[in-house]
Amino acid sequence: MSLVSIRDLKVSFDGVQVLHGIDFDVGKGEAVGLVGESGCGKSVTWLAALGLLPLKATVSGSVKFAGKELVNAPRTTLENVRGGRIAMIFQDPSSSLNPVQRVGKQLIESIRLHRGLNGAEARAEAVRLLDLVGIPSASTRIDLYPHEFSGGQCQRIMIAMALAGEPDLLIADEPTTALDATIQAQILDLLARIRAETGMAMVFISHDLGAVSAVCERAAVMYAGRVVEQNGIQGLFKNPRHPYTVGLFQAIPQLDGPRQRLQPIHGTVPDPRHPPAGCAFSPRCARASDFCTSVQPGLVRQDDGCDLACFNPSAHAIPAAYGSSAMISEYAR
Amino acid sequence: MSVLLRASGLCQRYTTGKKLFGKPSTVTAVDGIDLEIHAGEIVGVVGESGSGKSTLARMLLGIETPAAGEVEWQGGPMPNPATPEWRALRRDMQLIFQDPLAALDRRMTVANQIAEPLEIHKMLPRDQISGRVAELMEKVGLRPDQADRYPLELSGGQRQRVVIARALAMSPKFLVCDEPVSALDVSIQAQVVNLLYDLQQEEDLTMVFISHDLKVVRNLCDRVVVMYLGRIVEEGPADEIFAKPLHPYTQALVSSVPQAGTGMKGRIVLQGEPPNPAARPSGCAFHPRCRFADAACKSQVPPLMRDNGRLAACLKLRTLPFQDEKQLTHA
Numbered sequence: 005m006s007l008v009s010i011r012d013l014k015v016s017f018d019g020v021q022v023l024h025g026i027d028f029d030v031g032k033g034e035a036v037g038l039v040g041e042s043g044c045g046k047s048v049t050w051l052a053a054l055g056l057l058p059l060k061a062t063v064s065g066s067v068k069f070a071g072k073e074l075v076n077a078p079r080t081t082l083e084n085v086r087g088g089r090i091a092m093i094f095q096d097p098s099s100s101l102n103p104v105q106r107v108g109k110q111l112i113e114s115i116r117l118h119r120g121l122n123g124a125e126a127r128a129e130a131v132r133l134l135d136l137v138g139i140p141s142a143s144t145r146i147d148l149y150p151h152e153f154s155g156g157q158c159q160r161i162m163i164a165m166a167l168a169g170e171p172d173l174l175i176a177d178e179p180t181t182a183l184d185a186t187i188q189a190q191i192l193d194l195l196a197r198i199r200a201e202t203g204m205a206m207v208f209i210s211h212d213l214g215a216v217s218a219v220c221e222r223a224a225v226m227y228a229g230r231v232v233e234q235n236g237i238q239g240l241f242k243n244p245r246h247p248y249t250v251g252l253f254q255a256i257p258q259l260d261g262p263r264q265r266l267q268p269i270h271g272t273v274p275d276p277r278h279p280p281a282g283c284a285f286s287p288r289c290a291r292a293s294d295f296c297t298s299v300q301p302g303l304v305r306q307d308d309g310c311d312l313a314c315f316n317p318s319a320h321a322i323p324a325a326y327g328s329s330a331m332i333s334e335y336a337r
Numbered sequence: 021m022s023v024l025l026r027a028s029g030l031c032q033r034y035t036t037g038k039k040l041f042g043k044p045s046t047v048t049a050v051d052g053i054d055l056e057i058h059a060g061e062i063v064g065v066v067g068e069s070g071s072g073k074s075t076l077a078r079m080l081l082g083i084e085t086p087a088a089g090e091v092e093w094q095g096g097p098m099p100n101p102a103t104p105e106w107r108a109l110r111r112d113m114q115l116i117f118q119d120p121l122a123a124l125d126r127r128m129t130v131a132n133q134i135a136e137p138l139e140i141h142k143m144l145p146r147d148q149i150s151g152r153v154a155e156l157m158e159k160v161g162l163r164p165d166q167a168d169r170y171p172l173e174l175s176g177g178q179r180q181r182v183v184i185a186r187a188l189a190m191s192p193k194f195l196v197c198d199e200p201v202s203a204l205d206v207s208i209q210a211q212v213v214n215l216l217y218d219l220q221q222e223e224d225l226t227m228v229f230i231s232h233d234l235k236v237v238r239n240l241c242d243r244v245v246v247m248y249l250g251r252i253v254e255e256g257p258a259d260e261i262f263a264k265p266l267h268p269y270t271q272a273l274v275s276s277v278p279q280a281g282t283g284m285k286g287r288i289v290l291q292g293e294p295p296n297p298a299a300r301p302s303g304c305a306f307h308p309r310c311r312f313a314d315a316a317c318k319s320q321v322p323p324l325m326r327d328n329g330r331l332a333a334c335l336k337l338r339t340l341p342f343q344d345e346k347q348l349t350h351a
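Residue numbers (our numbering), protein chains in the order written: chain L, 5 to 337; chain S, 21 to 351.
To be clear, the hints were calculated from the coordinates, so they are not data collected in a lab. In this text, a Cβ means the ideal position worked out from N, Cα and C, and glycines have one as well.
In silico BS3-like pairs for lysine-lysine, Cα to Cα no more than 30 angstroms straight-line:
#1 L:K72 x L:K14
#2 S:K142 x S:K159
#3 S:K264 x L:K242
#4 S:K336 x S:K235
#5 L:K14 x L:K60
#6 S:K235 x L:K242
Far from chain S, some chain L residues (derived; all Cβ distances over 10 angstroms):
#7 V75
#8 E83
#9 N84
#10 T144
#11 L148
#12 D308
#13 G309
Output of the computed footprint for chain S on chain L, the stretches with three or more beta carbons under 8 angstroms from beta carbons of chain S:
#14 189–195
#15 215–229
#16 258–272
Just chain S, same shape as in the assembly:
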């Protein structure tokens, strides 16, 4: 598979909390990420809040300029934001957010919202737009009579369908979904996840799917990236990561998913809070919460290493007790 997008050494820093006479503090949201995204695959990005998932997505789309490192799109460098080349690129990459009501204009009808990107990018002659809108609405499962509805008149799942139709209007190559189903109920969530999967197959989309819901990620994504405090701690095929997590953080994350009907037995409950990105622990950022950490973990930053075809960043990778799926979830 060809590489659609390549990120190398990606860093992003934000300045926050400037006191009146004090020094501003910087928060490193994303800290040195290398990632290749191949055409036609679905990459899941998981991690707790503050782990830099959304910041990474914004840099992959070129909406934010990275503080260091670079993003290559189809072999060429990502153009600077707000240049004509960058604008032309918007057609090929689209973003779907968590809260559809916030992403939609409450005073525009569904049909107008979906037509707007077509008008802005002058993709079609004016008289063909309404036909394309009807086609898109059918594709995402909206009824023709909903074309004149306003977002407030729709349910949460239907609103997210409008957002998806609007993102697909340009026939993009690359779609980033940032927690697209987190705000939806379980039964509706499954509808939208299936829709995204079908569209990805039909339109040959490349997709980055950000979510904290591991169960959805596992069933949708081909490959999964686990982030902790701005760095990738583990990466690999979805099946393998969830069946046999290598990194202690991934192990805890997978085991913390409440499984219907199994109670609380055999779960790894992490001690401590997710760390503050402004005060990053030394060495391995996960060591204060890690069950296996020792002195070396406090001082050395573990690189992302390949072991048996899997990538994980942990100094104790070879000495960790083997955790199989059964032990983790059903013990």
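Just chain L, with the same shape it has in the complex:
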């Protein structure tokens, strides 16, 4: 049974729909990547699941965590889950930490809340956590303020704080985007090591496909508020099917081989207030047919276990549900 199962999650802000029915599962101890460009709804999915969106957001659908419903759940239910069972870390660590409180105090606060430890016990646990995330001389540096740590170390402290409640699931929202390349490598290493040691599940939200492939087993690609492709890392990277996924891979410049012109995806992400008819990617898609611009493709499980929402996918696959003979000639173009 999956740890979290999201079904038909929809979110709209002031009547503008930004999530169009997300289905997504995270198994126990699994690391899943969530990839997409800014505004595609990858962060909103999890903010909505944890009830962290502002009041003007309308959320519908279902998010079940270990069998418990979280959407529009009472505050007490959510507060037991947040931090304790599901922890979240964000892109900018320095804005998530309180600048006028010592990091130890902030860390002990979450240990006290989620674990019920007090005094010397809580402090010892805080030192242990800082040690675990690789802060050198943790027992003395626990009394420093956030500004006395570098960006990479602040992110380590955020991770320590997220681990304070011994969560079953860690949601890392672009945890390495604001960090330098060499520090990013350190943090990815740390996340992989902690996951191996504690066995917690992780959702890694990022626009960096390379980082996702480094720490995840499975990944979902989102576009304009929908999951468009979902597969294991190997399958997704070796054989991307959705033209958007293919475009994303082609747009990443290569570090080896001959120097070449980059291959952008033409056009821009659609305005959520004026979504295009049919498939949201069709205006930018080279493979789009008339059918694509009128009918919205659903996310359909393929023979090889890949989930795909496309009528004209790259390579071989044709979505089973749409594979009538009349359509196949259309796909064969």
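Place chain S on chain L using the hints.
Frame of chain L, contents of chain S only:
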């Protein structure tokens, strides 16, 4: 190729952290940089935050006066800031920043923003300005109907196109791009990088491209300068630097780039944090994080040496184990 810009012995210091009764501390942001930029080439500058990339760029443009050393522009010395000669020079050199929304005036339309430098420098008679603006907009791929839009109505990639059009309005010779695509999504990033490349070819621009994204730098730039704590640690043609990095820092930097589909195998993960420029380590500034450092590295500052046509600043250059590209990225 003729030398467009030559920097020699460039240093910049900033005074920071003056305590109430204490001494102010100085931070050396750029520490003795020699660099030649030839007409028509694209030079990439890479390094972590705090390595002095942007400070170097500002001194190359003459926006900041260096604490020591000098910049020569087309063979003559760079005029002092805010003098008439300096102002006239602004036409020939332009700067593009990371955040286009911060660089644009939110209360001016796109067309007015692009026209403003033309008006300030009185480059064209008033009646020809709108024609030139339309031409520039077409060149950077903006639609004519976007002329009356405000920056907030545009997407990130379109805003950066407006900034580029504005920089090109003066037909500059020298363009410095400071992290121009870092704030953009991958698919849009590729559009803007291609645009910059095409413009560089068409307009015969000389470009300095600052970025922490090694993949973009490799595919765009002719020559790459790697900076660490205010100094150049390695310099060379882009292909060679990324295929066979010499300096241990460059090796770690190249290997730390996550490659799609290759996981974490074979990566050099550096220990420790990027050092504080205010407390520079002795000797080679990289030695506390270096896998190969020994006692000599702690005491001697390595000069930028030429070896087999490559420039690198490392005492152990000849004895380092050979790292080829395959070992680094796909091992």
